[in-house]
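This is what each chain is made of:
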Amino acid sequence: MEKRPVRFSLKSLESAGLSARDLEIIVGGIEIPEVWEPLGPTPMPKIFMLRSWDFKLLNRYKPFYMPFCDQCCLCTYGKCDLTRGKRGSCGIDMPTQQGRIVVLACAIGTSTHTSHARHMLDRLIEKFGADTPINLGSDINVEMPNTRLVVGIKPKTLGDLSHVLSYVEEQIVQTISTTHTGQEASSLDYESKALHLGMLDHVAMEVADIAQIVAFNFPKGDPNTPLSEIGMGLIDVIKPMILLIGHNVSEGVEIIDYMRRNNLGKPGEILEVAGLCCTAHDITRYESSAKIIGPISHQIRFIRSGAADTLIIDEQCITNLSLIEAQKVKTPFIAVSDKAAYGLPDVSEWPVEKIVSSLTVGGLSGVFLPDLEKAAAVSVLTALQTAPLRQKFKVIPDIKELSTIASKCTHCGRCRRNCPIDLPVDDAVYSLRLGDSSKLAMLHDLCLGCGRCEWECPNHTPVLSLMMKAAEAKIKTEKYKIRVGRGPILDTEIREVGSPIVLGEIPGVVAFVGCANYPEGGLEVALMAREFARRRYIVTTSGCSAMSIAMYRNEEGLTPYEEFSGVFEAGGLVNVGSCVANAHISGAAIKIANIFARRPLRGNYEEIADYVLNRVGAVGVAWGAYSQKAASIATGFNRLGVPVILGPQGLKYRRMYLGRFEDKESFTVYDAKTGRRVWIGPAPEHLIISVENRKEAMVMIAKLCLRPNDTTRGRMIKLTHYIDLYKKIYGKLPEDIHLLVRSEADIPITFKDEVLSYLEKVGWKPWELPSIDPYYSENVFKKYYRGG
Amino acid sequence: MEKRPVRFSLKSLESAGLSARDLEIIVGGIEIPEVWEPLGPTPMPKIFMLRSWDFKLLNRYKPFYMPFCDQCCLCTYGKCDLTRGKRGSCGIDMPTQQGRIVVLACAIGTSTHTSHARHMLDRLIEKFGADTPINLGSDINVEMPNTRLVVGIKPKTLGDLSHVLSYVEEQIVQTISTTHTGQEASSLDYESKALHLGMLDHVAMEVADIAQIVAFNFPKGDPNTPLSEIGMGLIDVIKPMILLIGHNVSEGVEIIDYMRRNNLGKPGEILEVAGLCCTAHDITRYESSAKIIGPISHQIRFIRSGAADTLIIDEQCITNLSLIEAQKVKTPFIAVSDKAAYGLPDVSEWPVEKIVSSLTVGGLSGVFLPDLEKAAAVSVLTALQTAPLRQKFKVIPDIKELSTIASKCTHCGRCRRNCPIDLPVDDAVYSLRLGDSSKLAMLHDLCLGCGRCEWECPNHTPVLSLMMKAAEAKIKTEKYKIRVGRGPILDTEIREVGSPIVLGEIPGVVAFVGCANYPEGGLEVALMAREFARRRYIVTTSGCSAMSIAMYRNEEGLTPYEEFSGVFEAGGLVNVGSCVANAHISGAAIKIANIFARRPLRGNYEEIADYVLNRVGAVGVAWGAYSQKAASIATGFNRLGVPVILGPQGLKYRRMYLGRFEDKESFTVYDAKTGRRVWIGPAPEHLIISVENRKEAMVMIAKLCLRPNDTTRGRMIKLTHYIDLYKKIYGKLPEDIHLLVRSEADIPITFKDEVLSYLEKVGWKPWELPSIDPYYSENVFKKYYRGG
Amino acid sequence: MAVTPWQLGNIFGPRVAIQVKGDAAGRMIKAAKHPLLISGGNALKEMVGDKPYIEFIVELLKARSMPFIATGATYKDFVDRGLNPIKIMNAVEVVDRLRDSEWSIDGKDPHDLVVFAGLSYQYLSQLLSCIKHFATHLKTICLDRYYHPNADLSFPNLTEEQWIENLKLLLDNVKSR
Amino acid sequence: MAVTPWQLGNIFGPRVAIQVKGDAAGRMIKAAKHPLLISGGNALKEMVGDKPYIEFIVELLKARSMPFIATGATYKDFVDRGLNPIKIMNAVEVVDRLRDSEWSIDGKDPHDLVVFAGLSYQYLSQLLSCIKHFATHLKTICLDRYYHPNADLSFPNLTEEQWIENLKLLLDNVKSR
Ligand code: SF4
Ligand code: SF4
Ligand code: SF4
Ligand code: SF4
Ligand code: SF4
Ligand code: SF4
Ligand code: SF4
Ligand code: SF4
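Protein chains in written order, with our numbering: chain A, 109 to 896; chain B, 109 to 896; chain C, 4 to 180; chain D, 4 to 180.
Possibly wrong hints are sitting among the right ones.
Claimed, not checked - DSS-like mimics (lysine-lysine), calculated; alpha carbons at most 30 angstroms apart, straight line: (1) 164(A) <-> 462(B); (2) 194(A) <-> 516(B); (3) 772(B) <-> 111(C).
Source of the hints: derived by calculation from the structure; they are not laboratory data.
Bound-form chain A, shown alone:
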């Protein structure tokens, strides 16, 4: 049948010359696209439908709260002081309030991806039609695993995705309403809502990414995508440059298309097109000769470098200072999203020429221009015309100025005290007085680029500019290679690795994802990724982390993307793309259950999550997570049974889900082989935890990859890495090894004697059932238990 959901505005119809009077319009016609599987118990789940699964998870991984503030100030009954058992005017207590704040964060995060997806999809449907097929090529049949799993449909076209989003939108609104004053009185129920939002987030991200992949013909899971250029060294470009900052690639695509149409060649020929943050990933997925500057932490510095001749911002990971900073270097500024219109005049109705001339010579420093096609023309023309005028005007001080600026520094320490990661800015600036710029240069690598030190300094010391000057020579060399985001994992790859992952023979899938709020620079992410790829884990990555990983060379001068393959295989390093591509990482876990283990997906969330928790040794590492989006992504992984490790800043999310190895009851599962309740040891021990530093993270990664389903051989391999890392870092055997070894055969050969003697010492006994068929959920267990 031909009816397809259509999203439209009445206005667009009428402006297309159609009178609504004449039309019989079917909007939102949905058919059940294909009944490929029996329907599971929870298609399009409402808040309470997966509550029992959440409560199971939360029973083992209990919420652990660290309030970020003693007050609540969310309504005019407040502020309410919630310290030490006191309750607010609405009756809420502190743990519940923390759950509520987590829900709010996840709601904002999920809304951000969902609204991004909606905006993207509306536009793609308008451009390419609602019946644009979702076809990811012959190697991908399970096109949208999150969508199949949660919504229960197998979407065929872009139009189908519109309904998926409507469901997500409805549920977001349902959930956010619970943060109103006076709703939930239980932190567990708030956490269940946060988990709900996290799950929805992965659906929304999947919609956003699949829509752009099929419409813009991005790579469809190709493991061998090209290498693009990345790095701050791009400040050196001499050609006119358009810089895009944000997350929505639509505008970047329009620009590339405009250049193609107008014989302006590829990026790099006449004009440079460069991106910062996720939009950078996505532009290179469309056109690999576009360039990537780097993660969010480079925004202010790169703008100040003056390299950009037009700056376009859309939404999400953009600094509020972009307009102010652009003005400093006379870079014309175009805001294209109504999510961040910056109070600028809406020039949609102006002719292109008028906008361009206003921006170039007319004294208008910025405009709001939500018409993306027009914005593309304006950006290209503005960049071309403004480049000769501004001549890469920058605000980096001369070397002479450095000491003048530094001489005013009183070493008062306020800059440091206002730095979110407590960097010793004061020492670095002060030591300039003695002509020593090395400390500042070192800061350049660690700095988040937020500018808070500058706002605090009584002398308004331009700390970021000083850093850039101090690190100038190094910055110019900062040119690396990054493998273009490939999108989803192929079904064929899943078939190859499904068994070794589930049996534990591939020691784990480690996903380095998320933002650049790193405690000590991006280098640490690169080092961790390299370590685990070398250990032949499957390493996946996305977003800012994928960029940080690129910015590093090994002993032979190779960047990680040159050192490792792009295949989803042991020892592979897989860049899936921008942040919304994170859905392919959760998707891969889901596909393992589906393709390898033949578990049905359709509306069958609990079963699949139970499968992943018990069988898929995957762990996420969001080392620099800063945002509400990161909160919801991580929480979505958690509901699916994937543990997440955060860097130290992660404590400020104010909630962890922690297991306790000594709580045997919670680490007990149903064994479908014997029908018995079996203790499984603390595996995985936590669902989300923030660790203090990289060393702790490395050990934690190896440990959280363990799963109850690991075979003897698999467990031996995983324990090898765990013990090896542990010994390197702590100088001794893991203290919990006796909780993880089930039989002698599990013990890594290299450490056999040592481990055996430890086990003997602590009175370890071989487990009765070294191999089980584990289920945490009783419901799912019942489905698979054939005995009793």
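Got chain A sorted already, so can you dock chains B, C and D with the ligands onto it with the hints?
Here is chains B, C and D with the ligands on its own, set in the frame of chain A:
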């Protein structure tokens, strides 16, 4: 044509024995129901589509911020100190941050109504069918003015409303995403988003209320609805009592229906059915023999009175303490909404008998039971069975205990310091030692009932219980009458009053709405309502304010609902219903433009808002607004051009929209009679302002009813009240009278000489154009200006 | 232990009011070039010993002439006591304008100090917050019995006796030459 | 002026740490019945004069024997200095268990005091917040150079010299009898 939008779950289909395989389902088929008007410029507006109208409003009524906290703690880049010009890690500054927090509040508020509407609608469609017609009787043709105006459709059936909500949900998600770290850099753009949400909120409220009106056959605008009983005096009941707290009437309706089906008679015969907060309004709209306890401030106290034999909570204005308090008095507790499940066990799958026996004798103090039909049976049976067991067990201390408790009081003052309205709790408790309970009794009238004083007292003094004991005698007499919420205003009424309102001859429409966060008790609202009804303003009311107004008797012992008519007319006192019925108040303003002035509504927001701002002398008073819902409702009124006055707690919303009378440019409009730009004086002067006390409010109400369109006669009437109130309160003439009088004929006769001599003193001259056809928006002006 | 505000939940910072005694407050008011006093509705309800707070405010205004505004509809009460508030305005409306560094209620020199007395705690707290953030050219001082972190200068939380004493001290210092 | 935390944005309240000097801190640690010391990864990086902070911690532990945990992967560094941390755990994992009023790391009596040293400022701040709210049976003291409002006791913000002096004072008081 027959296609109708349907909302369904795949699961429900299959459980109904249908296999999805056999079906071709058209979901969400919408037709353009009827083309009754030409399409305006902004049907289903996105964020930026009404931005220019917002910017006009914000140019005159500039945001005024009072941060409630110096920090931002919304992401892990923080906390960020934003004092005095400092910016956060994301670059945001303090005014922008305040705008962002306002957006967040409005998003929560709008989501709350929208999710309520969705829940309600889903259920009604399930029960009554998607093709249930929206028919409000012969006196109402403009059935849903907000929906017509914003969405651009004329909904015919409940099914159509589902699409309306989808639009609202989508826009909420779009808007809330802008509160993510790093989005808007302009407080004005954030305010525009807040205004957008406010507008959407009125649509959502309209959907919620109209859906329940047509499905449950609530009064359809009947001015003469019956009088129901209201008051804390109901603690005296001896029959078994079911108490409902919250906002969603569905459960109340199920209970009444269950009683009807099972020959349990009407409420009050065998069983009492009473409500607290908005659900109380709505139950009486279904069955006027149900009873109303009162507003949100009475929750804890009424529960402690022990009168309820079963307590059902749904969502929204419920205290987090309800379960704890119910346990104290052994009242079985049933949570029916997944928005507030309280961590309780989900007993949906249990048989009714098992639930009842668990709650009555089984030691289970509460359950989560989202199956409303089951919950109805359980509540009735539980109330009947538990009543003899608990014998209205209460926790109000005996008179003897009072002094024992008080003797521990050290007069340390901590209770007062933790009271949100700084009530002298310490003095009141301490004076009990001397046997004086009068201060405590007085507190009973002022107290918000939040319990914060109790949490703070080192001796855990049960302040609320003491109050109840002290005021016991009075409480027993607290039985009043309230006119049942009537729903929308009739088209016929609009026809009657349209002209006198627009010409200014009815001095104003004053809406007392919102919650019970009163600075000095509910009495003040009653006094204000009476004052303006007696002055022959049209007084409308809803929610907790409508209840507070009832709780007062005049000199003759009549409650306001007995003293004044329920007609939307000069001197009428119109209770529209629960909070979602606020949409009928904005709807009335819209209907005046449409029915009286024949302005088209369809997708024509800016024109109508401009009309209301210039011509409809309406003002909202949210004296005790506490919630995020109140924030979004008020902001929705603001976008429509209706000013709102808040009580002193309102400053904690941290943003006002203030005009300045001396800023002549901003109070200049287009006159469609002459085509000229004309100064109109400060009318209305502010869009939202919080005043210090009731006296200030009274003057402000009268003043904010002035409109540039007032005729000479109208202006004279309005000025009469303004001057009269001003003189009574300040003892002199208003200082801005010369800005408001346009010609001598405007001057109230009573004050003629006085005013004239003042005008002379300040050098007032008659205006050149005492009567104009005013437009604030250039676009709308152009449409109506026939000259030039 | 750090100072705490009167209302326990009402935490502000890192910038919080310096706590002063009556003498310093008095000197401050005396030394100001063009202070403005804003008196609120609580001036009638709050008692200083056996007299309403407004009596003290009147005495202060007589000792140190300065423009003042009677908010909370207390205009008449000042007139009755022989003083003429300079304008009738709502406190929010005044603070709105105070953000303009050029503005003064009497159209003369801009104010350098704003003295608050007799507004309810949370209402004033919000107004002070606005000034603290957005009217950085102004100093604010609060004469109420309770510590107001959002002011520049405030009494600490005082017992009634201490407050009476401090108000007296303040008057003495204003009157002294 | 009220005390301010080291990180300017890091405001807490109304309950904030009492500021102590080295002597009081030393006496406190000495007097505790069953204290626990948690040392973090910064103990290696932060310098006390010319020695890493860990050297001071080692000296303290030698002077006042108590169970201690080396977080931030510093276990080896203590072992190298002749001390054996009682367990290897992440700081979050320890604080999780500290909420149980019965729990102690060595299975003996519950702890009455937790001494923190060498964790990064914001990480520790959050952990202290958890204890402040949810482990009200515990007292916490922080020995770092910077004021930590979420602790029960903390040094004020100190210059390096002041810090060295206070640490010395602390040791003296622990050692004294
Ligand atoms: S939401 Fe509750 S805790 Fe928060 S300010 Fe309002 S009443 Fe207080
Ligand atoms: S810009 Fe860098 S050094 Fe400055 S405050 Fe931010 S993170 Fe710290
Ligand atoms: S704040 Fe400024 S003056 Fe103070 S140490 Fe930092 S750079 Fe130097
Ligand atoms: S919750 Fe955040 S914004 Fe509110 S008082 Fe605390 S720090 Fe301030
Ligand atoms: S949202 Fe911005 S201001 Fe708020 S904590 Fe994050 S970085 Fe700081
Ligand atoms: S219960 Fe009443 S007296 Fe007690 S804190 Fe709340 S409002 Fe104040
Ligand atoms: S807190 Fe308790 S002891 Fe203190 S004054 Fe109030 S009632 Fe009395
Ligand atoms: S008026 Fe306010 S408090 Fe009362 S029920 Fe409505 S929203 Fe709740």
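Results of checking the hints against the structure:
Restraint check for residue 164(A) and residue 462(B): satisfied, since their Cα atoms lie roughly 24 angstroms apart, inside the 30 angstroms limit. The suggested pairing of residue 194(A) with residue 516(B) holds, with an alpha-carbon distance near 20 angstroms, which does not exceed 30 angstroms. This hinted pair checks out: residue 772(B) and residue 111(C) have alpha carbons roughly 21 angstroms apart, not beyond 30 angstroms.
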